[in-house]
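Since the structure of chain G is provided, determine the placement of chain Z on it from the hints.
So the sequence lines, in the order shown, correspond to chains G and Z.
Heads up: the first sequence begins at 1 in this note's numbering, then just goes up one per residue.
Heads up: the second sequence begins at 1001 in this note's numbering, then just goes up one per residue.
To be clear, the hints were calculated from the coordinates, so they are not data collected in a lab.
Be aware that a few hints might be false.
Computed list of lysine-lysine pairs in DSBU-like fashion (alpha-carbon distance at most 35 Å, straight line) [what the hints assert, rightly or not]:
(1) Lys1237(Z) - Lys1441(Z)
(2) Lys1365(Z) - Lys1067(Z)
(3) Lys201(G) - Lys1062(Z)
(4) Lys1365(Z) - Lys1398(Z)
(5) Lys100(G) - Lys220(G)
(6) Lys314(G) - Lys201(G)
(7) Lys1193(Z) - Lys1268(Z)
(8) Lys1067(Z) - Lys201(G)
(9) Lys1187(Z) - Lys201(G)
(10) Lys1062(Z) - Lys1156(Z)
(11) Lys1156(Z) - Lys1187(Z)
(12) Lys1441(Z) - Lys1413(Z)
(13) Lys1067(Z) - Lys1333(Z)
(14) Lys1365(Z) - Lys1413(Z)
(15) Lys201(G) - Lys1237(Z)
(16) Lys1067(Z) - Lys220(G)
(17) Lys1398(Z) - Lys201(G)
(18) Lys1333(Z) - Lys314(G)
(19) Lys50(G) - Lys100(G)
(20) Lys1413(Z) - Lys1237(Z)
(21) Lys1398(Z) - Lys1324(Z)
Going by beta-carbon spacing under 8 Å, a handful of chain G positions derived as facing chain Z [claimed, not checked]:
(22) Tyr48
(23) Val76
(24) Pro142
(25) Gly229
(26) Leu253
(27) Arg281
(28) Phe283
(29) Leu286
We put the CB at the ideal spot given by N, CA and C, even for glycine.
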Amino acid sequence: MPTMNMLQAINNALDIAMAEDEKVICFGEDVGIFGGVFRATSNLQGKYGKARCFNTPLVEQGIIGFANGLAAQGSVPVAEIQFADYIFPAFDQIVNETAKFRYRSGDLFNVGGLTIRTPYGGGISGGLYHSQSPEAYFTHTPGLKIVVPRNPYQAKGLLLAAIRDADPVIFFEPKRLYRASVGEVPEEDYQLPLGEADIIKEGTDITLVGWGAQMEVIGKAVELAEEAGISCEVIDLRSLLPWDEDTVVESVLKTGRLVITHEAPRTGGFAGEIATTIQERCFLYLESPIARVTGLDTPFPLTLEKEYLPDHLKIFEAIRESVDF
Amino acid sequence: MSDFMLPDIGEGIVECEVVEWRVAEGDIIEEDQPIVEVMTDKALVEITAPEAGRITRLYVDKGSIAKVHAPLYAYVGENDSGESDSGENGADENKAGENEQNGEDSRQAQLGDSDREPKRSDVGSSESSTPQPAPRDPANTIEASAEQSATASAGKGPYGRVPASPAVRRLIREHELRLDSIPGSGKQGRVLKEDVLDYLEQGPSDNRQGQTTPDKNRADEEFRVEPLRGIRAVMAKRMVESATTIPHFQFGEEIDVTELLALRERLKPQAEARETRLTLMPLFMKALALAVAEHPIINARLNPVADEIHYYTACNIGMAVDSKAGLLVPNVKHVERLSVLEIAREVARLTAAARDGRVDQADLKGGTISISNIGALGGTYAAPIINAPEAAIVAIGKTQWLPRFDAEGNVVKRAIMTVTWAGDHRLIDGGAIARFCNSWKGYLEAPESMLLYLG
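The following block holds chain G by itself, in its conformation from the complex (with noise of 0.2 Å):
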């Protein structure tokens, strides 16, 4: 099996998306024969020619009202967003036209081939305009479906299934993991399921609950909570829209208590929503408040990047005070 970073994982998934079916078309800023600002893109215009991977000029509201317009004609477009800050002038197209299409007509027309690809997260020095978490804004809108990996074999599996979707997928990479996580990935097709968690580690003590890069934190966390004797079980979402309640609540329901872990500011993240539904489905079994480590809420800093960030201490943190409550 070939090691890959989560870059060529993500590459490798849209090659094989591009190949075997070719209503598969990518586009974005330079996604071209540059391959992107990251490279995730890398030869695919050679490949499959400049019809169907090319760039875009520098309008978000663009590209994704571009995106609309082919997805709803039967194309399946792989919009990429160059970086997940600059998404919000799409944000009209992508809550209002892409999230309602189908509803909308009734099913006349929809959007559905859709996958918009963007890279989000703190962790390169990128500072206010290229670090930030906004998942959760999307995460208040029916109609979507909201996607992100942890490492490269998640990545691959998970935006093959997300281009195949059936419903409009918004897929955010951990740029920091782009070149950092590496492991091993199958050449061939596969997918993982969308819409379900994955139980990464089982434990008995406390539940803690992440996505994206955040699982690797996590992974630190747990090792340290594990030297102090707590038995940790682990488990990444995955999929945020819909997200799997019933792993979670399972998982709670066992442990007693819960973490939930993300980059964004606290205010309004999707922690939030997490912690009240598993306050209704768990209320008479928890043994602590359900605890949330998340960013702070002020704008992504660049020299504070450091402080802003929910590390494996803070974690580690909550976890104590959540045992010892």
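Chain Z only, in chain G's frame:
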């Protein structure tokens, strides 16, 4: 504040039963003071304090199971200055301190009722504070939840956990109760607020007893139920393993110990002069070690995959002791090197320790052959089960004065002792055990012959 983790006390033991707490929450402790007695699979072990300080919390109830590497009790060390701690481990210590503090803050904020909340005594100024135990809910501890399901009415919810609303949990914590000791009247054993209030009114006396007889009420009708634990549980397991995996070959013999008894009578005063009580056991052992030297296969074992014979160089003779806790088999090490007097001292030491159930792990490990002196309690014959992985065991029956013929055909009065061997028939056949037993018998019937082999 530190948690004392239950250390790994023996080979592969992962849990043990808390037999007796010698301290209570809030007690001041000295370094090396006995804190708790736990019963492992093999013996009672006394755990002592690692340093002086004050006990703040006992995580495991008497009669419950404690897990190795899980917290057993929490204490504040004498030199533990909490947050003001600085130095090499300062960072970690501070972290822990902050956690405590944050936990306290967030809890109080959460409850919004801090005056009813029993104040946790200040870690930072332990001298001035009264020794008040930290009022936490033991049901919150890591190891508690899983095991308790067996001991209390609790655990009808998913994964054996007790459902209770956070408000009820607060109430329980305020009164320093345990969630799982309160019978829940709600669905799936849910503990309701009324259950806690009723419990507080009636007092804990009745409910606490559930520890040793979980199904007390039901069991009263026909039989008394007692969980099989500790040494007894291990005996049950080991005996089944041994009896079902090792083909036992049984071999019985009579030994005339008239001479041996006489010899013992002569030696006894000398032994007593050296403050040692001389029983027959040291003589049996010494003779056994001599016989084993001639027939090493008896002092061997089969390796686990049964393709090699492992001969022991030492002759470590186990002696089955009927202790209060159950069957224990401590062994006397290197009998082949010891004098009879030295063996006698070892036997006395091990017997006393085993009767108390406080045998060191080292004394229980490494036996190579065993003697079961069932005759001390009565009974002429027994069919012993091998103490695996050893290859042989002998049960010694009681000695009786019986008529026997001497060389001239006259009837004489002789002290006759019966012995019954069990050997691992994969390793030992009838001939081997008969020859070996004859050799042993030779030394016992003519004990002076052992002199020839004085080292």
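So, going through the hints one by one against the coordinates:
A threshold of 35 Å between alpha carbons decides the hint, and for Lys1237(Z) with Lys1441(Z) the separation of about 33 Å falls inside it, so the pair holds. Note on Lys1365(Z) and Lys1067(Z): the hinted pairing holds, with a Cα-Cα distance of about 22 Å set against a maximum of 35 Å. A threshold of 35 Å between alpha carbons decides the hint, and for Lys201(G) with Lys1062(Z) the separation of about 33 Å falls inside it, so the pair holds. For the suggested pair Lys1365(Z) and Lys1398(Z), the alpha carbons sit about 28 Å apart, so the restraint of at most 35 Å is met.
A hinted pair counts as satisfied when its Cα atoms are at most 35 Å apart, and Lys100(G) with Lys220(G) does not qualify at roughly 40 Å. Simply put, Lys314(G) and Lys201(G) have alpha-carbon atoms about 20 Å apart, close enough for the 35 Å limit, and the pair holds. Distance restraint check for Lys1193(Z) and Lys1268(Z): the Cα-Cα separation of roughly 70 Å exceeds the 35 Å cut-off, and the hinted pair is therefore not satisfied. A threshold of 35 Å between alpha carbons decides the hint, and for Lys1067(Z) with Lys201(G) the separation of about 21 Å falls inside it, so the pair holds.
At roughly 31 Å between alpha-carbon atoms, Lys1187(Z) and Lys201(G) fall within 35 Å of each other, so this suggested pair holds. This hinted pair checks out: Lys1062(Z) and Lys1156(Z) have alpha carbons roughly 23 Å apart, not beyond 35 Å. For the suggested pair Lys1156(Z) and Lys1187(Z), the alpha carbons sit about 9 Å apart, so the restraint of at most 35 Å is met. A distance of roughly 19 Å separates the Cα atoms of Lys1441(Z) and Lys1413(Z); the hinted pair therefore holds under the 35 Å criterion.
Taking the CA atoms of Lys1067(Z) and Lys1333(Z), the gap is about 31 Å. The hint holds against a cut of 35 Å. Of the supplied pair hints, the one linking Lys1365(Z) and Lys1413(Z) is violated, its CA atoms being roughly 41 Å apart against a limit of 35 Å. With a C-alpha separation of about 32 Å, the suggested pairing of Lys201(G) with Lys1237(Z) holds against the 35 Å cut-off. Taking the CA atoms of Lys1067(Z) and Lys220(G), the gap is near 25 Å; set against the 35 Å cutoff, the hint holds.
Using a Cα cut-off of 35 Å, the hinted pair Lys1398(Z) and Lys201(G) is violated, with the two alpha carbons roughly 59 Å apart. The suggested pairing of Lys1333(Z) with Lys314(G) is violated, with an alpha-carbon distance near 54 Å, which exceeds 35 Å. Between Lys50(G) and Lys100(G) the alpha-carbon distance is near 30 Å, which keeps this suggested pair within the 35 Å criterion. Between Lys1413(Z) and Lys1237(Z), the direct Cα distance comes to roughly 43 Å. Violation of the 35 Å bound is thereby established for this hinted pair.
Distance hint between Lys1398(Z) and Lys1324(Z) is fulfilled; the C-alpha atoms sit about 22 Å from each other, no more than 35 Å. For the restraint placing Tyr48(G) at the interface with chain Z, the shortest Cβ-Cβ distance is roughly 51 Å, beyond the 8 Å limit, so the hint is violated. Because the closest C-beta pair between Val76(G) and chain Z is about 42 Å apart, greater than 8 Å, the hint is violated. Hint on Pro142(G) is violated. Least Cβ distance to chain Z is approximately 30 Å, over the 8 Å limit.
Because the beta carbon of Gly229(G) sits about 6 Å from the nearest beta carbon in chain Z, less than 8 Å, this interface hint is met. The restraint placing Leu253(G) at the interface with chain Z holds, with a minimum CB-CB distance near 4 Å, inside the 8 Å limit. Because the smallest distance between the Cβ of Arg281(G) and any Cβ of chain Z comes to about 11 Å, over 8 Å, the interface hint for this residue is violated. Taking 8 Å as the C-beta contact cut-off toward chain Z, the hint placing Phe283(G) at the interface holds, the least distance being around 7 Å.
At about 6 Å, the closest approach between the beta carbon of Leu286(G) and any beta carbon in chain Z falls short of 8 Å, and the interface hint on this residue holds.
Figure legend: structure checked against the earlier numbered hints; hints not met, in rising order: 5, 7, 14, 17, 18, 20, 22, 23, 24 and 27.
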